[in-house]
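Q: Listed below, chain by chain, are the residues.
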Amino acid sequence: MEARQAGGARRRVARGRLPLALGVPAVLGLAFLVVPLAGLLVRAPWRTLMDRLGGAGAGQALRLSLVCATLATLVCLVLGVPLAWLLARSGLPGRGVLRALVTVPLVLPPVVGGVALLLVLGRRGLVGRHLDAWFGVSLPFTTAGVVLAEAFVAMPFLVISVEGALRAVDARYEEAAATLGATPWLTFRRVTLPMVAPGVVAGTVLCWARALGEFGATITFAGNFPGETTTMPLAVYLALETDPEAAIVLSMVLLLVSVGVLAGLRERWVGALR
Amino acid sequence: MTPRRCGLVSGKGRWDALSHSRAAPAALDARLRVARAGFRLELDLTVAPGEVVALLGPNGAGKTTALRALAGLLPLTGGRIRLGERTWDEPPAVFLPPQRRPVGVVFQDYLLFAHLSALENVAFGPRARGAGRASARELARQWIERVGLAEHAASRPGALSGGQAQRVALARALVTGPQLLLLDEPLAALDASSRLRVRAELGRHLSAYPGCTLLVTHDPLDAMVLADRLVIIEHGRLVQEGPPGVVAREPRTDYVAHLVGLNLHRGLAEGGTVLLSGGGRLVVAEPATGAVYVAFPPSAVGLYPQVGPSPQVGPSPQPPAGSQRNAWPVTVAGLEPHAHTVRVRLDGTPPVLADVTTAAVAELRLRPGVRLWATLKATEIKTYPR
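The listed protein sequences correspond, in order, to chains A and B.
The opening position of the first sequence corresponds to residue 1 in our numbering, with each subsequent residue numbered one higher.
The opening position of the second sequence corresponds to residue 1 in our numbering, with each subsequent residue numbered one higher.
Pair ranges (Cβ atoms, derived):
no., chain 1, residue 1, chain 2, residue 2, range
1, A, L18, B, F39, 47 to 57 Å
2, B, R40, A, L22, 54 to 64 Å
3, B, T77, A, R123, 52 to 62 Å
Covered, in the sense of this in silico footprint (three residues per stretch, anywhere, with C-beta under 8 Å from a C-beta of chain A), are these stretches of chain B:
no., region
4, 65-74
5, 101-115
Hint data in this document are derived by calculation from the structure and do not stem from the laboratory.
All residues carry an ideal CB built from backbone N, CA and C; glycine is no exception.
Bound conformation, chain B alone (with noise of 0.2 Å):
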């Protein structure tokens, strides 16, 4: 590089403090509040450098718009966006556009400019921020090599598949440098097979990341995998939070749960027996008092055919003996495959989810209107305060 090139970048005050802003992350620290006709979101999240923190919820729960608010795309309508000392939004007085806050945004569907190159779409954030034309191709390429796209670097977006364009769109909005990574949704668009690969490259990148990094997500897996730590919405609002590792043991609300794959149900303790809110009774082997929740993985479920006289006058007086300490009679409501097994979901007091295997399907001829004894150990079941 030439020192007169050097003199022309430096000359650029912003991509200047950009580079200066690489050197020193910050910790994000935003108070999301935005009002819309029928719609309210209101998230404090916290994001410290080098962390991943996902953002868990389902359609319509207020992901989307609180990345777009922290991208700058959309303005708050109250709270504020503070990045280590600096205030990106806070209204009414402070609002920096999207074009000078340090931030990286991998879409959902990338966004890839189809008129350029992949070099060029990686090279356009460095001159968007005022660095010379040789400069931003030169750090490019440099990113396009790290994500290993070295021989696709000339190639339009359309040539791509879907993972190497996931890291075209990752290597563009790292290459600025940003303080902060928002990443929407950045392997919904992938089919299965590379997804696994993907995910793991990018879990790579991410831990090679010094900034704050903020995963939109519905998909638990991507979640648990990528994430530090999990912040879940329902309703724009904060429903959980915590480690991945305690989120996937104590879920606290049913969203949660089903993203987990618990059957969660509330109720309240007195000793070894819980009485559950919706109805029903069980024996749980550790003992607990006042309100709690407990959850049991539906592989815990065991599932009896009702020895009754015949099916029509109801369940038999006698539950299957064994050594579960909780047996009650169940309805199958529906059935689905899942991965290898067979989810039946069965209404009772308590209605539950179990998984049994195909051929279990087969030997209790299990269709919906099946009666059946539902049962569960109590040494299966978590109980944790609510």
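The shape of chain A in the complex, shown without the other chains (with noise of 0.2 Å):
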């Protein structure tokens, strides 16, 4: 009795037991991305949340965030389309190098992206010296200037998820609608996008989260003027050297942000696209 006993737990303990070389790396490296974030809420000043938030600092910066994203998301879903619609569609000869070049923004440091802005489109750079000369525009250290910034940095999420979407679709509905009589431009809109639309949604969300977080290219390429050019991102950091909780504050605000994406992708569209 004893023995089976023992032998029924030994058999559910080494069904259940994790190699120690994999669960304590494990358990730490949750703590690693949990802890601080539990840290914010810990030393959050609760009492003073509402007076700080309604500071006229915070909710500039916070409209502000808001606009820019929101602005550059449609930059990017007018142009990052189309792009991923060639990337997926069109039998363009070298789409992989196209590919990997839309890719990039992704893994570069978003500074050096800002830099690479500022060369083109700064007051004296490539394009920007003729928009200067030409049109008296000038696109550095102005709110349009955050939303291209956030555009450059956020497009590539919006473009690989609705290439991924696009070739996931069988094109001979596309083939179904042309014996139909519809045109190429006709398709795209009543056949092909509603097909993606999943992707499409998710794409803009991580693309509206990414232009939301955005700190490297907008410091380099716009700067840091309040109410035009700080966003929530610039508001936390500069916080933190005057005041460590207003940063709190600022930065639980865009926790949240966060998480409600997270939780708002989850629950529509993540699903629908497994």
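Two independent chains are provided; combine them into the complex using the hints.
A: Listed below in structure tokens is the structure:
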């Protein structure tokens, strides 16, 4: 009896046990990801939270962040969806190279992206020089510059997501639409786009979240002018030097937005994509 | 319909042209030449208005290539496609893209748009060809009713049965009044039980359709039931063409013989005897001369046990006595169930297929390797010139 119990217990343990070499790093990894966020909550100045949120600087930064991230996402949608289509559908030679180029901003340090944008679109940049001379338009250190910097960093998320969805769609549906008399443009709007809608939505949300959190390219290309280019991440960083409690509050707002995005993604679209 | 809306519809040139074309059906005249790596399609094809032509062939014969070329999904590399006076494709100068050809296509797995209702799927064509929203929906509603799906008009394709989806696909292809209807294995996706009914329905719609119909299939039954004429291709080339009845009686290739379920051999006839090219000879009832095909149904082949000392020493010297003029030794190579009988594949000179009952299989103890006599009455053999 005893022996059988012992045997049974051993079997259960044997089946359930994680190898130590995997278990310890796994728990450490989990703690590494979760503890800082928990620290944020622990150290939050809960009593003065609302006052600080209502403060002019925080509200302004949050509003600017939301507006810029949304505008950047729109730019990404308008340019990124056709780009994804080009990569997925056209028989363009060298698509592999193009795809690699598109993903570069994904791995590029955002600061480098900002520097690159300055070199091209800056007042004395390759393109910016002409923009300034011909149209009197100057992009760096403006709100438009924030939108551009965010779009530059966030677009690959959208393109990759939409391209994956496009490649998963059976192109014969587009052929069927053509035999029904639809032009390629009508086919794209009425057949292709509805079929890749989950991918477009997932890509849009990812793109928006990335744009919202953008820091390096923004501060390099657009600088830090409160009310004009100081977005939430910049405000957090600056507040950390002068008013750490404000930094915590601002960080919590961003954390809340991120968690909200993640929850929305999981429930509505990630499941559908699988 | 308000006058304003009428004006809107007739303002669209293409839709108007389409309506006109519906009144005057034209014949299809195609010389399909498609060259790709490792494959060439060379097929001349004509279809008269109101005629249903079935394009049959084994996998990889070029059936789908032909259909895609006619639909405009694949440009020809040579030859031409003409419908009536209009040239659709004649490289290198002319190529009409699919959306500008008056065609309707029913795809093998229908390819209904999953995000649109049955009605919206059918209305898609008229809308794309320039009809107003209201008139497109009205036209679609009429067609949905015509295929008997009025109560499913609002259903998404995912909620339809295979047979219902097939009917939506047919309505979607016909609603624009195409001059050429292309059907790609329209019944292949259906299970056996709904197939019979859907085939009969499809036959009704096809006989009411005034344009040219090309039905691509590998199912001989679909072709025999639905088509006025069969066109059979192998390796991208025509091998036989004719009314279903003639093709069924007089196959000219092994593939066609297999399709229609006949034994087929080639040979040289001299009076009442045919010397087969593969070895062996058959006595036939109808005297003929020269190069001929001989064909006979597997059910006409009789099988008799070899009555010898033991099967190991070879065939008995005495073929079974009777009225059969042909008897030769054979060895069972394989057995497979075929409808309510068993089809026995027999090696010999000539090799044959024979249909026997399951009772005969048991009685003769048929299994691969068993030696038998095959017999065949001369009157069961059909000979026709090569």
